[in-house]
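Engineer: Please take these sequences and the hints and turn them into a complete structure.
Number of protein chains: 2
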Amino acid sequence: MELIELCKSAKSAKYEIAGLNEREKNAALRYIAQKLIDNSKEIIEANNVDLDNGVANGMHQGLLDRLRLTPERIEGMAEGIRQVADLDDPIGITLSDSKRPNGLEIEKITVPMGVIGIIYESRPNVTADAFALCFKAGSAVILKGGKDAINSNMAIVKSIRLGLIESGITPEAIQLIEATDRETTKNFMQMKDYVDLLIPRGGAGLIKAVVENSTIPVIETGTGNCHIYVDESADQDMAVDIIYNAKTQRIGVCNAMESLVVHESIAREFLPKVYKKLAEKEVEFRGDDESCNILPEALHATEDDYYAEFLDYILSVKTVKDVGEAIAWINEHNTGHSDAIISENRENQEKFLQGVDSACVYVNASTRFTDGFEFGFGAEIGISTQKLHARGPMGLNQIVSYKYLIRGNGQIRE
Amino acid sequence: MELIELCKSAKSAKYEIAGLNEREKNAALRYIAQKLIDNSKEIIEANNVDLDNGVANGMHQGLLDRLRLTPERIEGMAEGIRQVADLDDPIGITLSDSKRPNGLEIEKITVPMGVIGIIYESRPNVTADAFALCFKAGSAVILKGGKDAINSNMAIVKSIRLGLIESGITPEAIQLIEATDRETTKNFMQMKDYVDLLIPRGGAGLIKAVVENSTIPVIETGTGNCHIYVDESADQDMAVDIIYNAKTQRIGVCNAMESLVVHESIAREFLPKVYKKLAEKEVEFRGDDESCNILPEALHATEDDYYAEFLDYILSVKTVKDVGEAIAWINEHNTGHSDAIISENRENQEKFLQGVDSACVYVNASTRFTDGFEFGFGAEIGISTQKLHARGPMGLNQIVSYKYLIRGNGQIRE
Numbered sequence: 002m003e004l005i006e007l008c009k010s011a012k013s014a015k016y017e018i019a020g021l022n023e024r025e026k027n028a029a030l031r032y033i034a035q036k037l038i039d040n041s042k043e044i045i046e047a048n049n050v051d052l053d054n055g056v057a058n059g060m061h062q063g064l065l066d067r068l069r070l071t072p073e074r075i076e077g078m079a080e081g082i083r084q085v086a087d088l089d090d091p092i093g094i095t096l097s098d099s100k101r102p103n104g105l106e107i108e109k110i111t112v113p114m115g116v117i118g119i120i121y122e123s124r125p126n127v128t129a130d131a132f133a134l135c136f137k138a139g140s141a142v143i144l145k146g147g148k149d150a151i152n153s154n155m156a157i158v159k160s161i162r163l164g165l166i167e168s169g170i171t172p173e174a175i176q177l178i179e180a181t182d183r184e185t186t187k188n189f190m191q192m193k194d195y196v197d198l199l200i201p202r203g204g205a206g207l208i209k210a211v212v213e214n215s216t217i218p219v220i221e222t223g224t225g226n227c228h229i230y231v232d233e234s235a236d237q238d239m240a241v242d243i244i245y246n247a248k249t250q251r252i253g254v255c256n257a258m259e260s261l262v263v264h265e266s267i268a269r270e271f272l273p274k275v276y277k278k279l280a281e282k283e284v285e286f287r288g289d290d291e292s293c294n295i296l297p298e299a300l301h302a303t304e305d306d307y308y309a310e311f312l313d314y315i316l317s318v319k320t321v322k323d324v325g326e327a328i329a330w331i332n333e334h335n336t337g338h339s340d341a342i343i344s345e346n347r348e349n350q351e352k353f354l355q356g357v358d359s360a361c362v363y364v365n366a367s368t369r370f371t372d373g374f375e376f377g378f379g380a381e382i383g384i385s386t387q388k389l390h391a392r393g394p395m396g397l398n399q400i401v402s403y404k405y406l407i408r409g410n411g412q413i414r415e
Numbered sequence: 002m003e004l005i006e007l008c009k010s011a012k013s014a015k016y017e018i019a020g021l022n023e024r025e026k027n028a029a030l031r032y033i034a035q036k037l038i039d040n041s042k043e044i045i046e047a048n049n050v051d052l053d054n055g056v057a058n059g060m061h062q063g064l065l066d067r068l069r070l071t072p073e074r075i076e077g078m079a080e081g082i083r084q085v086a087d088l089d090d091p092i093g094i095t096l097s098d099s100k101r102p103n104g105l106e107i108e109k110i111t112v113p114m115g116v117i118g119i120i121y122e123s124r125p126n127v128t129a130d131a132f133a134l135c136f137k138a139g140s141a142v143i144l145k146g147g148k149d150a151i152n153s154n155m156a157i158v159k160s161i162r163l164g165l166i167e168s169g170i171t172p173e174a175i176q177l178i179e180a181t182d183r184e185t186t187k188n189f190m191q192m193k194d195y196v197d198l199l200i201p202r203g204g205a206g207l208i209k210a211v212v213e214n215s216t217i218p219v220i221e222t223g224t225g226n227c228h229i230y231v232d233e234s235a236d237q238d239m240a241v242d243i244i245y246n247a248k249t250q251r252i253g254v255c256n257a258m259e260s261l262v263v264h265e266s267i268a269r270e271f272l273p274k275v276y277k278k279l280a281e282k283e284v285e286f287r288g289d290d291e292s293c294n295i296l297p298e299a300l301h302a303t304e305d306d307y308y309a310e311f312l313d314y315i316l317s318v319k320t321v322k323d324v325g326e327a328i329a330w331i332n333e334h335n336t337g338h339s340d341a342i343i344s345e346n347r348e349n350q351e352k353f354l355q356g357v358d359s360a361c362v363y364v365n366a367s368t369r370f371t372d373g374f375e376f377g378f379g380a381e382i383g384i385s386t387q388k389l390h391a392r393g394p395m396g397l398n399q400i401v402s403y404k405y406l407i408r409g410n411g412q413i414r415e
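Those protein sequences? They're chains V and S, same order as listed.
Using my numbering, the letters of the first sequence correspond one by one to residues 2 to 415.
Using my numbering, the letters of the second sequence correspond one by one to residues 2 to 415.
Any given hint could turn out to be false.
For identical chains, the list gives no copy identity; a pair is met inside one copy or between any two copies.
[Unchecked claim] Straight-line distance between alpha carbons at most 20 Å, and here's what the computed EDC-like set of lysine to aspartate or glutamate pairs gives:
1) Lys9 / Glu23
2) Lys9 / Glu326
3) Lys193 / Glu213
4) Lys148 / Asp182
5) Lys352 / Glu25
6) Lys352 / Glu17
7) Lys187 / Glu213
8) Lys282 / Glu415
9) Lys278 / Glu415
These aren't lab readings, by the way, just hints derived from the structure by calculation.
Structural biologist: Here it is in structure tokens:
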């Protein structure tokens, strides 16, 4: 189908989807979850084509594993959809209600976005997740997945569309852009007349391309240069445990720690301790002069290292003279995702909470908690690193809009 | 000053402005209001240069009037700033607060945007208004006004900066881009590393240029192709009064009515009535075949007429067979600003409220009420016609962001 026809189909479907009630949406989601399981064989066959292509193209083992679907992973996908069905409906909630002196009643209610576009990279489970969240939020969705997973995505979308039809709902609520060339992706980003919101999910390169080319409003997600600052007053054992967790529990995720900032007065005592613990995972330290003097094993950090999201067993290290310098340093180098202070000093904790300009600012906890489930929102569509509309984990309540309903009895403006 | 230096100055000022408390902000705003009055003579002299240039360039009378500053208008500007000082502080408000099973306390609070950019056209009072709103919302502001008002804007900004300095606050909280060439404006839209939000205020051409060129998140404002649908069951006298008000009370504003949609079963009775009333202002009707048959004076509407924001004594007219067709027609042609139904039928009222995809949907009232003051928000920075972040009138509470503060005692993720 032509891109523009596909966008028009989504736009015309959005009114039907917006009109579904909670019961209808949940029943359809549960039906679709089962449909995916019923169609596992077909989906896995399609996935095998992608895997074969991946092997032929020399895709490395980690990526092949992300791409692979098994009956268990399809069950996991279905369970994810059922969990979305269990979440509260975010639509039609009255946010405020007032009566003006002239008698006009002004009610503000949540409404669907309309059509949400999502551009993402390889993992095919995003296809089902993103559909479920957008559908429950009353919106149609247009998906543009990675080339590597195209056969898997087509099979998943086919099952979802079948599930919609059999639920008596238009299948046009989900659209998959099957063309995988760059030109189509670029054209998609210009479909402002049909798409209300565009969310890129993937690496920094993808996000940059979307921000630079899209005329559709964008929410940037998921680049995390997360810092942990260890204050003079820190409980150092706690600091070591938190840093070990934030840096090494899962290195490839956006809420993993990338940079350590440490108060100079404890650096000589603390850095060897944390270095020793992280040596268990062979973490490479890249520090400033002061930390390199203390840790002979550390490499000298470049300016770029301090801006980097390594997603690897690498940590940049910077010493500072106080919490104020730590805050300024972090605000200069972070990506607005998640940053933490480890401190027993109440005043410094509050300074840090107020001063650091990030979606999530932590005291004495790991940055790894920035996640929809950990926050109690349920599944998330991404973690926003911008300040417009939504910040931090975006669950159902963050992918809706609102409108004003104004009821009068003949009021005119004087 | 170089554009990039100016953006850097705003970015470094944002931390100081974010740290001001309500009392400090209000005191500075009141001081600045007085400063503008004290400097009236200087501001009016600068304004005279703009007016002379306007006359020399053949600017027409309406625009010259919008550009002109008088002692009364400067008093009005100062009063606008004082009114912003009187509004509640939108910063530091706890939006939610929860404790997770693992003991993490997650608090969501409002925070400033940071740096807000505003690109606007001729009226110089926007300069003072926009500063006051952004400052009260804890943000630094970068203003790019129209070439025609550059001398007036420079004089106003000079007074505001002086007022800030004398209040002990960094004058870098307000920046005026003095270069008026297109290249500078285009470069400004790329200053994503320094500017958190960009709001264009002006005509459709300006807004389109910003949406197409900006890499900074944008809120679109102020294009209004507002519809009024007159239902079969309407109180026709009420409908005539509301339409007369919405169409003619002020033609050049975004919440003025541009298009009439009428139920075919009452068209023959209703159209002559409304035509007669609007003839008092010589409003030109451009209709479909059916309405032209009824109104011999009407012109035939083109497809473009139905998409047009006339801002003139012109009205497009369309007959429909029921409320469903009215809703579909409006959703296809409107700009998502404000639309109204005139109807005594409760079911049709609700269908219209739910079905029309606009920021403000009215029952039995004039679209002219879409306005920050009329909604009880106080001064507004614009009326958003997009669904991301803010929709409809944007007051202080719509130009802030939020962040999560997470307090723990050593939590790590399993």
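Engineer: For every hint, state whether the structure bears it out.
Structural biologist: Hint by hint, here is what the structure shows:
no.: 1; hint: Lys9 / Glu23; in the structure: neither (25 Å within a copy, 48 Å between copies)
no.: 2; hint: Lys9 / Glu326; in the structure: between (52 Å within a copy, 18 Å between copies)
no.: 3; hint: Lys193 / Glu213; in the structure: both (14 Å within a copy, 10 Å between copies)
no.: 4; hint: Lys148 / Asp182; in the structure: within (8 Å within a copy, 43 Å between copies)
no.: 5; hint: Lys352 / Glu25; in the structure: between (48 Å within a copy, 19 Å between copies)
no.: 6; hint: Lys352 / Glu17; in the structure: between (49 Å within a copy, 13 Å between copies)
no.: 7; hint: Lys187 / Glu213; in the structure: both (10 Å within a copy, 13 Å between copies)
no.: 8; hint: Lys282 / Glu415; in the structure: between (72 Å within a copy, 17 Å between copies)
no.: 9; hint: Lys278 / Glu415; in the structure: between (72 Å within a copy, 17 Å between copies)
Hint compliance for this structure: hint 1 is the single one not met.
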